[in-house]
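Number of protein chains: 2
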Amino acid sequence: MATGHIPEATVARLPVYLRSLTELAAAGDATTSSDVLAERAGVNPAKVRKDLSYLGTHGTRGVGYDVRHLTFEVSRALGVANTWPVVVCGLGNLGRALAKHTGFTERGFPVVAAVDIDPAITGTTVDDVPVHSPDQIAELVAAHGVAIGVIATPGNAAQETADLLVAAGVRSILDFSSTVVTVPDHVEVRTVDLSTELQILGFHLHQDLPPEVGKTP
Amino acid sequence: MATGHIPEATVARLPVYLRSLTELAAAGDATTSSDVLAERAGVNPAKVRKDLSYLGTHGTRGVGYDVRHLTFEVSRALGVANTWPVVVCGLGNLGRALAKHTGFTERGFPVVAAVDIDPAITGTTVDDVPVHSPDQIAELVAAHGVAIGVIATPGNAAQETADLLVAAGVRSILDFSSTVVTVPDHVEVRTVDLSTELQILGFHLHQDLPPEVGKTP
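These protein sequence lines are chains E and C, in that order.
Going by the working numbering, the first sequence opens with residue 1, and the numbers climb by one from there.
Going by the working numbering, the second sequence opens with residue 1001, and the numbers climb by one from there.
Don't take each hint at face value.
Unchecked claim - DEER-style ranges, computed between Cβ atoms: (1) E:P119 to C:T1102: 18 to 28 Å; (2) E:D127 to C:G1056: 45 to 55 Å; (3) E:D127 to C:A1138: 44 to 54 Å.
Unchecked claim - Below, a list of computed lysine-lysine pairs in the DSS-like style, where the Cα atoms sit at most 30 Å apart: (4) E:K50 to C:K1100; (5) E:K50 to C:K1050; (6) C:K1047 to E:K100.
To be verified - Negatives, chain E to chain C, calculated, CB over 12 Å: (7) A9; (8) E23; (9) A81; (10) G95; (11) K100; (12) A138; (13) A143; (14) G149; (15) V166; (16) L205.
In case anyone wonders, no lab produced these hints; they're calculated from the structure.
Just so it is clear, CB atoms sit at the ideal spot from N, CA and C, and this is done for glycine as well.
Go ahead and model the full structure; you've got the sequences and the hints to work with.
Encoded structure:
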């Protein structure tokens, strides 16, 4: 069955369900419930049932969901059987961590190349990932069928890097640069700003302070 | 004005608005509009206006928002004037990148210490951040007033690390371990799974494939 339109918020939860299902299978569970999946995903059970209904999957009352079947359905929706080669742009601390992140390859996102402007490291490898100069992006994308560009450059190089990726035909960008990059409509950008997550935690800490402490000048 | 209840989705966008406002101020803009902020945040202008109304801030028709005033209001809501010390747990590639991430300190989240189980690195420093053993977490939290624990350990050490943080009194955890950790209700956990972001991009790439290619066995 081809999946119909799936809401963006549901898509964002599918990887979480898939991870939970993998853990449940590893623990020997043959069936599970929307309650279990809900707790692990941090949503309510009704939302889980709604999310999974978009995949055409409905649990059996009193039995729940078959773990193997559901794993298959979620994997299929996510296109897990496919492999999407990744290029990491910018090899500072974060870029190196991303280039070496084994979880990417395990889930179908092999890092096939990295680029950096530092001539001292182009031509070397980082954990078997070859490092090239940014002016080779188009060549790398063509040679490896790169599907996703990861931007881990300083903020002031992010737009230029995005432009090179887009010009090379990359349609999906994961941006860690803490800046907003502008791309054509056919390109999807997801932004991961590590400070944003801390600021959200900070907001809640701030709200919990007694009023006289929480007041800012 | 004390902020009333602000929806979680709005809270998540406040750091994005704050970043945009900082950039606009740096570019010399005295006023801005919900259109400009919306484009940078990737939402529609009505949502921006609604979000900002929770802060008690309304733009002036035909003029827009005063950049300085709005920066002040968003900062105040986020508690940006406060400083929330952070401990990074696990110094693999990602942990090292996080411990060295200058953006954290700049935004009020100084990394005051790191912990790792490797006795070869405890007692050393990573970019001036002292590295301790995990059994010192309680001591570190008390000594530095640690507000946020960052988990960058392998998945199989994440729960144990979370338990140590919670026992030490930490109420906010940012989890990069790709596992779901269980904590008491009074503790907030935000999960950043780098592979999840790639899987969401992969979903859209998958949807764009011609049906015969997109089919999975």
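Against the structure, the hints:
1. E:P119 to C:T1102: 18 to 28 Å: Holds: the Cβ-Cβ distance is about 24 Å, inside 18 to 28 Å.
2. E:D127 to C:G1056: 45 to 55 Å: holds, 50 Å
3. E:D127 to C:A1138: 44 to 54 Å: With a Cβ separation near 35 Å, D127 of chain E and A1138 of chain C fall outside 44 to 54 Å, so the hint is violated.
4. E:K50 to C:K1100: violated, 41 Å
5. E:K50 to C:K1050: Holds - the C-alpha atoms of K1050 of chain C and K50 of chain E are around 27 Å apart, at most 30 Å.
6. C:K1047 to E:K100: violated, 38 Å
7. A9: Given that some Cβ of chain C is not farther than 12 Å from that of A9 of chain E, nearest at about 10 Å, it is violated.
8. E23: At roughly 8 Å from the nearest Cβ of chain C, E23 of chain E sits no farther out than 12 Å, so the non-interface label is violated.
9. A81: At roughly 4 Å from the nearest Cβ of chain C, A81 of chain E sits no farther out than 12 Å, so the non-interface label is violated.
10. G95: violated, 8 Å
11. K100: It is violated; K100 of chain E is separated from chain C by about 5 Å at its closest Cβ, not greater than 12 Å.
12. A138: holds, 19 Å
13. A143: holds, 18 Å
14. G149: Label violated. Min Cβ-Cβ 10 Å, cutoff 12 Å.
15. V166: holds, 14 Å
16. L205: violated, 6 Å
Hint compliance for this structure: hints 3, 4, 6, 7, 8, 9, 10, 11, 14, 16 are not met, and every other hint is.
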